Each structure stands twice: as structure tokens, then as C-alpha cells.
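In order, the protein sequence lines correspond to chains A and B. The first sequence maps to residues 1 to 236 in the UniProt record's numbering. The second sequence maps to residues 1 to 416 in the UniProt record's numbering.
Treat the hints as calculated values from the structure; they're not laboratory data. Keep in mind it's a predicted model, so treat the numbers as computed, not measured. Just so you know, nobody snuck in bad clues.
Derived pair list, reagent style DMTMM-like, types lysine to aspartate or glutamate, alpha-carbon separation capped at 20 Å:
| no. | chain 1 | residue 1 | chain 2 | residue 2 |
| --- | --- | --- | --- | --- |
| 1 | A | Lys28 | B | Glu229 |
| 2 | B | Lys209 | A | Asp219 |
| 3 | B | Lys209 | A | Asp164 |
| 4 | B | Lys297 | B | Glu261 |
| 5 | A | Lys119 | A | Asp156 |
| 6 | B | Lys297 | B | Asp359 |
| 7 | A | Lys74 | A | Glu177 |
| 8 | A | Lys25 | B | Glu358 |
| 9 | A | Lys74 | A | Asp62 |
| 10 | A | Lys199 | B | Glu203 |
| 11 | A | Lys173 | A | Glu82 |
| 12 | A | Lys74 | A | Asp90 |
| 13 | B | Lys42 | B | Glu168 |
| 14 | A | Lys9 | B | Glu155 |
| 15 | A | Lys211 | B | Glu155 |
| 16 | B | Lys362 | A | Asp18 |
| 17 | A | Lys28 | B | Glu261 |
| 18 | B | Lys370 | A | Asp18 |
| 19 | B | Lys297 | B | Asp327 |
| 20 | A | Lys28 | B | Glu376 |
| 21 | A | Lys20 | B | Glu376 |
| 22 | B | Lys415 | A | Glu52 |
| 23 | A | Lys11 | A | Asp209 |
| 24 | B | Lys209 | A | Asp167 |
| 25 | A | Lys10 | B | Glu156 |
| 26 | B | Lys33 | B | Asp43 |
| 27 | A | Lys25 | B | Glu376 |
| 28 | A | Lys173 | B | Asp240 |
| 29 | A | Lys28 | B | Glu358 |
| 30 | A | Lys74 | B | Asp240 |
| 31 | A | Lys15 | A | Glu227 |
| 32 | A | Lys25 | B | Asp359 |
| 33 | B | Lys370 | B | Glu252 |
| 34 | A | Lys173 | B | Glu203 |
| 35 | A | Lys99 | A | Glu86 |
| 36 | B | Lys362 | A | Glu29 |
| 37 | A | Lys15 | B | Glu376 |
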Amino acid sequence: MGRGESPDKKKILTKEWDLKLSAVKIRKEDMNRLVMNFLVTEGYVEAAQTFEKESGTLPGIDLGAITDRMEIRKAVQSGNVEEAIERVNDLNPEILEEKQQLSFHLQQQRLIELIRQGKTEDALEFAQEYLAPRGEENPAFLEELERTMALLAFEDTRSSPVADLMDISQRQKTASELNAAILSSQCQEREPRLPGLLKLLLWAQNQLDSKANYPRMNDLVTGTLSEPTSDVPNVY
Amino acid sequence: MTSNDRSSPSYWEKGSGSRGNSRHLEVTGQRVKYIGPGSADKDAACVRANTYVPPSQAIYYFEVQIVSKGRDGYIGVGFCTADVNMDRLPGWEPQSYGYHGDDGNAFRSDGKGRRYGPTFGTGDVIGSLLNRAEQTIAYFKNGIDLGTAFIGVAEEKLYPCVGMQTHEEEVLANFGDAPFKADVDSMRVEAARRLEAQIRQTELPGRGKVGSLMAEMIFDYMVHNSYFESAAVVARDLLDGAVEVSPKDRDEVRLRAGVAEALIAGHIEDAMSTAERVAPGVLQAHPSILFRLHCQKFMELVRQRDDEAAMAFGRSVLVKAASTGEDQELLQDALSLLGYNDPASSPCGNLLGTKVREDLAKLLIAAILKHTGRREQSAMERIGCQLETSLGTLLSLGDPRISLIDNAGPGNALKY
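For reference, chain B alone in the conformation it holds in the complex (with noise of 0.2 Å):
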């Protein structure tokens, strides 16, 4: 992270919501020191980062040197709200958060603050830590974890802030440029591994319809992807027999298989053959599709340079089928290649591709899965599908925990 990255914190913003006490401060790019008259209370002021702390990013910490604690070290490290009167010390205000050098102690909306942390003066490295997946703030000093000092952290935007009062006070705040005295990354991994702990106490149904629901979704998955000397042991060893492979859902998968080797293999008749056994009605039910497969028949004419008997069967089938605008556009690409000596390498030559069939197998496919009541995707495809997009969901409505998950992100949720 580059202190040009306006994403993130990286400076502190002169003047950023003070009602007068801003000129109190020399403000230059990390470091402040205070300037002002520092007699009493009133004399305070705060300045916050250019920006807030990214709202999905689950762990957030920065730190800032005690360059000097100048006369009393009235000097307060925290976190805090764009709304928040900056003429204040952090934490005496609501939605402010602030440890305190001369006292050591923990403020939030209140001006006593209660008992924290040991004191800090010149020569400290003072580590502010917000943790977003348990809404905690902690502080750490020269690098040793001084525990949480606040809980229910909840405000969306907040800011790192650093405040002071007196003559000479000087800070220098590390948001990232420079390695940190504490070891951030493993309080990630900490706050991971407690995020897990959490997960895995969710309960999860023991039993599924007829005997355990990790049984049932396995032999599921098998039967759906034709692994049907598994499923058989499955159903024996886990599932106590209670379920079994018919003869017909083994025919129907070896069935369609066949129809997806046959187009793809550009057999289309007895691709069409099959689908009809497998789904009697199915092209009919799928006028487009019947069109593309049509259309894949004039190909195969095409490719063997039959022109006779593709310009005859352009016209006795292909015209009068295509009904759609997509049809007749589909149509007119497909007659076009006849006007080439290779048409392969004509305009429209992918028609004749690979790719195209494979892409109209897996509609036929669906469309024949569709038409005898079954299912596209196996249980546990499905909620894979599911858990991704339950995960990207949450993080896009800014749920911090999110980037925590190992299985969050395309393509990761059933992956290990």
C-alpha cells in the first residue's frame, strides 16, 4: 500500500473538521505537531486521515511515533467519525475513540475516560488496531497487544485520528509505507481462525431424507455425473441401501451422453434420434434449438462439400424452419458459406467449429434434462453456487468478515 492510494489512509487531512483549533496544528503529510497556545482543554485539537478505513476490510491498523510529548503529553491516538468535533481530544466525543498518553486510559464519548493502558511519551510506537469482523478496537504499545479497549464498534466510516493540547507535542503516524512494530498479519490469521471457530458451531441437519445428508449428496452427485460403480458402494456402505441406481437413470445419463458425443462429433441425425428417445417432444418443445441443430445438419453438408444436397436441404428445411429474426440471421451466416471454395476460412467459418456444437450440446442437454424432470446441476453443485454467491453477496453489502473466508471468491467455494 502506497501512500498515493487514495483507498486508503495514508495522510493526515489539514484543517478536516475543525471549527477553529485546526491552526493549532502543523500538519505535513504523516506528521503533526502542536503549535497552539495548549492552556486548557479548550485548546485542543484532533486531525483525522485523508480517508476513512476501507468498510469491507476486516483487519485495520496503523501507528504513530511519539516524536516528542512536548509539555504535558496530552496526546490521544484513535479512531473517528467525519461528523466528530475536531476541536476535541479523541474519544470525548460520540463516534470517537481515543487511548491517551498522559493517563493511559480509554475514551469513548466521555471526557474522564476509564483505566487501560500503561502511559506512553517520546520514543513510543503506539499501534491502533480496528478489528471490523468482531467490531473491537485495540492498541498496542512498541509493538505488545494491550488488549481490547473497545467493543460494539459498529460505525461504517471511521478514521484514524490523532489528537493533542500542549507546547511541542510531535507525532508521526505509519499508515503502512513502513514496516509496523506489531505483526499484523497474524492478527488476521487469529481473527480468521476465531471467524472459523464461530462457523463451525453452526448445526447442521444430522439427516437427510433416508439416511445421512452428506451420504445422500454424495450419492447424488455420482449418479448425476454417471459415477455409478461409486454411487452403488455409496449407497451400500453409507446409506444402508436405502437408496439404489435404477437401470433408468443409468440409461438416461448413458443417453444423453450419446446425444452430446454425437453433435459435437457433428453426427447430428443420430444426435437427434437419441434426445427424442431420451425426451420424446423435446425438439419440438425448442424451436430454436431444432433451427441450430437443422443448421448443424446443413454444416455437416457443407464440410463435405456436398453443395448439391446442402443448397437442397437449405431449401427444403433450413428456409421454411427459421421463424425468428435470430433464426434468419443464423440462416443467411449459414447459406453464405456456400459462396466460398473454403468456407472455413470464410466470414462465418466459425459455424463450422467445434465450439459451436459444444455450445448447442450443452442447451440440448439442459433442454432434455428440463423436459424429463431432472435436474441440470447435482445438490452439491447447486450449493456451491449457492455459498459463492451467498459470500459475494455479503461482502458487496460490505459484511467485513467476508475477506476473512478462505472460500469467499470466484471459483474458491468448493476448493480446498
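Bound conformation, chain A alone (with noise of 0.2 Å):
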């Protein structure tokens, strides 16, 4: 036994692991279906069309009707922050009133696209105006607005520790939530099953981490498994 290695853990070599792998049946159609689902729930219409058409699999709801959701969702990720919230507006007035996080949220995106463009001024000012009363009253707001404001300290943004609010990724974080806002208040299912599944995925990892060494999953984007500690040498 290795150090470190709880005489209770079942080891489970990589090449007993490979065969239960092997053994697992995924059906294509299963694929499709979480797909076109994260598509759907996401409010990426095109995309949706076009797997339709490619792949077969149908939408489930009508695309013609995630039309606003879409349009809301795009403005978000090309950074037209202030059209997003009109158009929510125009949907349905009582979705940012009652989500207080989410329009501070939105805020804050307004306030990373005006540093990204470089309007340094136009920032403070807009900061100063909307951001900060609203920090006042929620001290996870300020740290969040805190974090945002010291964007304008770095030259090279991207290289910063605070880089990730500048991300396109971000863009998509605030664009979901809106998007889930919407789905609530349109009583349907805000979140996607894709997310969930890899959830459950981590979860369960962690759970067998504690009764067993086996081939980890940690690397979700390609989906590689590192070596079980027990296949590793003993250098000892």
C-alpha cells in the first residue's frame, strides 16, 4: 500500500476499469436528445434548427416561440447589456424586480463592457451612480462590484487575477442567467439536464474518492481519465 492509501480502498486498475467502460451501451439518439435539449433551454434557435435538420432530433417546443429569449440571450453575449434589459423589460417588467442578484448582475456586465471598451470614465460614473448603493446593501454585491472596479487598476486586463470577468464566458454566465430567469417566469425548465449529468458525474467521483482508487475522470472537456494511484509505481 502507498502512502496515504486507506487500507479500506478498493483498487480498481485501469484495465479493470477500461472493461466495465467498454461494456457501457450509449445510444446515440440518448446523445442527440441532451443536445437538443441544452440548445433549446439555452435559447440558441439556430443552432437548434440546424441539428434538427442534421441529426433528426426534434426540438420538443415550438423554435418560432424562443424567439425573444434568443434575441435577449444574443444581446447579452455581444455586449449590448442595456438592450438585454430593455427587452426583458418589454417581456415581462417583474422578472428583474424580483431578482435582485440577477440585476446586479446585468450591471455589473454593463459595467465590464463599458471597461472593455476602454470608457474609462463613462465606468466610474456608471459605478458610482448604480453599482455602488446597491453594494451598500448586499455585502456579496460589493465584494462582486469590488472585484469588477479593480479591472481599471490592470493595462493588460487579460493577464490580471480578475481576467475571468473579462472572458466571453462571463458574457455566457450572464446571458444563462437571464435566460433562466425568463424560462421561471414562463413556468418552464429553467435548467438544462447537461449541466446536471456532469454534476452528477463530479459527485459520484467524489463519493467512490473515499472507497476506492480508480481512473479519474478530471479533465471533462476531453473526457480523460488519470492513472489510478494503485498503477502507479511504488518509488518508495
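Reconstruct the complex from the two isolated chains, following the hints.
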């Protein structure tokens, strides 16, 4: 037994694990439906339409009816937060009134976009007028506001510790939060299934960690497995 | 569940774990009656069920009806392990849990217990819930939930048990043969919902390599399965153009599909030359696949009833190419086809079937993918396999929570 290993832990070698993996049957139909569910729930109409055409997977809802959501998402993802806010309010003004956190995140995104455009003065003015008062109400908001303001301190924000805020995935995060709120206001399923399944995998692996040494999947993007510690020859 | 089911508790086991007081109990099936002296604590007697609760069962529930509270109603209901001294009431000993009728207290390895619920007596139905998913025990009186009595209940093998100590006390258990007073299905649903909420708390990495994790996975999946138009839209709308479908990827996927198609249609030469085009050297690197392809060429000639050409090909190529024992065997089977008027209905006729070519196509495609440094499965498919295997392993290691998860079980990983 290697150092730090529990004697109760079951050792599952890569060879054994691979055998189990290869016995699993994943149906293409199931995967197609998962993908379609993601595209539809997140409001990517064109991707859903194309995918329907190419794979024959039915979207399950009328794609025309999600155009509003799609336009709003598009606006956030292309940096037009103001337009998105206007459109949401046209659709249902209660959404932003009720969801304080979402409404803060949208304003925060607006600030990020101003900084991205290099409009430092506008950014400062906007932060003072709209964001600072909300930071005073809520410590969590304040912290996020401070992180965002830190962007102004760096000439090259990409290599700063708050670079994640400038990333396109930040826009997507905000867009998804807004999208979920709209869905919820329309009494539709808010969350796509795919992230839930990924969480289930991470959870299952976390539980398994205390019971076994096995090839763990740490890299979800490529789905690559790492060697279990028991496969590594003991160096001591 | 019937009383004959040995894998689940179904009746009281006479004399189980007793050091002598079992003579104070009259045990018949699901019924227990106290017939001892019943004057002091030392006269207590307990009986447990014939077997323990299956460790992988998330929610276990049984009921006892108090037929008579007898003289004092010193009746305890609960769970214990096989090692517990049964001449004591449930909960007085370590590894033993009990809810007592005379004072309504909950007992866990002590003789005093702590305040828990109402007292119970003649006519009441007491339900005991072992929730392994959350390691708790709770009780029900006449179908009403009394709340959690014990937490951190971790013993692997727990038996339902009942104990008593005064004259004429009598209970009748229901291990599931009759309808319960409480709604067990909804307990299960509630537990599943709490587990789901807990799983939902798991943090996901928000970001992949160039954009959102989910978008990258979907892009990878689409390219893998030749949904190129969709992949292009996803790249543009979900990944801000950070990735693209390269013409080389497209060509390779098309060529691979062509290889499989040609092979299955029986155009072996075409399949082989296309395979070499997309992955030069792949056939030489896999002699057993190469041999099987040669055999298929031979079958093609047999199917066309060109016996002469088949014979010539057999002599000049097949016989020389067979190297392993497996090859030799296949060779003999293949050659035997020439001996029949109707090869397709001969003992080795299956060699001419589509299934053989389909299987060979799968092998060849896998070899090509490997040869060109590509993965056989998309990340999403690998995630599905890893998910099913992880859940299956947890279940086989006895994790009771897995039975509460919808996506556990063969073929369900990516279902909804």
C-alpha cells in the first residue's frame, strides 16, 4: 500500500475499469436529445434548427416561440446589456424587479463592457451611480463590485487576477442566468440536463474517492482519465 | 415483497441473540407475545427479524401494531445489529436503537433515553424508518411522522427488532405484506429530492479550454458525429468563433464513413484503399484486420460464385497471409464455403452475412481513429461511460444512495 492510502480502499486497475467502460452502451439518440435539450433551453434557436435538420432530433417545443429569449441572449453575448435589459422589461418587467441578484449581475456586465471599450470615465460614473448603492445593501454584491472595479487598475486585464471577468464565458454566464430567469417566469424547465449530469459525475467520483482508487476523469472537456494511484509503481 | 423473500426481513427469528430470556417470548411469524415473569429490567427480552435490511436499500420501513400493551407497556421498537445482547430492550446497548412505548423516549446505547415522542399503547401502529441515504432513523405513530430520532446511523447490517418486558405485551409486525399506515413511496421521493439538491450543489468548472465547458463538449460531439453544419453554428453562437471545423476534420470523417459504407456493402477493395488514404499504414499495422479483410474479399468472390477466382485468391493470398491460429481457423472456415452448392446455408454460411462485415467495419474504423491519433468516442460519450461505471461501482460497494438516482443503471447514464 502506498503512503496515505487507506487499507479499506478498493483498488481498481485501469484494465478492469476499461473493461467496465467498454461494456457501457450509450445510445446516440440519448446524446442527441441531451444536446437538443441544451440548445433549446439555453435559447440557441439557429443551432437547434440546424441540429434538428442534421440529426433528425426533435426540439420538443416550438422554436419560433423562443425567439424573444434568443434575442435577449444574443444582446448580452454581444455586449449590448442595455438592449437586453430593455427587451426583458418589455417581455415582463417583474423579472428584474424580483431578481435582485440577476439585476445586479446585468449591471455588473454593463460595467465590464464599458471597461472593455476603454471608457474609463463612463465606467466610473456608472459604477458610482448604479452599482455602489447596491453594494451597500449587500456584502456579496460589494465584493463582486470591487473585483470588477479592479479591472480598471490593470493595463492588460487579460493577465490580471480578475481576467475571468473579461472572458466571453462571463458574458455567457450572465446570459444564462438571465435566460433561466425568463424560462422560470414562463414556467418552463429552467436548467438544461447536461450540466446536471456533469455534476452527477463529479459527485459520484467524489463519493468514490473515499472508497476506491480508480481511473478518475478530471478533464471533462476531453473526457480524459487519469491513472489511479494504485497503478503507479511505488517509488519508496 | 413476500414473506418468503429471504433477502429482506419478513418474520421474527426465534431465540436470536438471546442469552436465555428468549424463553420469555412466544414468537410465531410476525407475532410476538411476552410470557415471562416480567418483574424487572433483567426479565427484558428482545427479538430481531430473520435477516438484516439490505445494505444498498436507501429507504427501509416496517410497522408493528401494538396488539396489547400488557401490564406496563414496556415495549421498544427499532433496529439492532447481530452482535447485540437480546436480553435487553432496544436501545439499551451499543449498536441498538429503540423507541419505547411507556415513556416515548428514544434510546441509543443507554438505559435512560432522551425525550422524543408520545407514548404508545394498545391499538397504536408504530412505524420505523431506516434511511440509509441520510443515515437516520425516524418513527411514525399511526402514520404520523414523529421526526428524526437518531442521526449518524452507520452500522452496515441492521435488523428490525422489538423488545418487551411485562406480562401480556403483544405486537404484530408488518414487514410489507400488508399496506402501511405511512406513505413509504413519498419518503423515498423526498429522500431522492434532497439527494438531488445536494448533488446540484457540486461545483462545475465554468470554463473549458476556449469557452464554456458545455459549449465545447457539444461542439466536440457534433464534429465527432459529422454534424458539421450544427458544429459551425455552435462555434459561432456559443463559442464566439474560438473554434472551427477544419476542412481536414471534415474530410477525415467523410472518408471514414466511406470506409465503413464500402466494407458493409462488400466493396472490400474500395474500403481498403480509402482506409489507406485516410490512415496510411493502418492495414500493415493491424495484420489480423488485414487478414479478415482479405477473407472478405474471398467471400465476395464466393458470393459471386466465381469459384475459380476464389480458389486462385485463396491460394495466392489467403493461405500465405494467415499467420496466427485464429487466422488459420478463419481460413479453414472460409475455404469450406467452396465445398457447398449453396454456401450461404452451409455451416459457415454466417461468414457471408452483413453482421460479419459490420463488426469488421467497427474494428477497422477504431484502428483508423487510433492510427490517426483520434479518439473513438466523443468526450460526451466517454462522460456517459464514466458516469455509469462510477455509479455502478458505488452501488456494488454498497452505497445506498445510488438507488435513489434516476440515471443509475445500465444504459441510463445520459437518459432523461
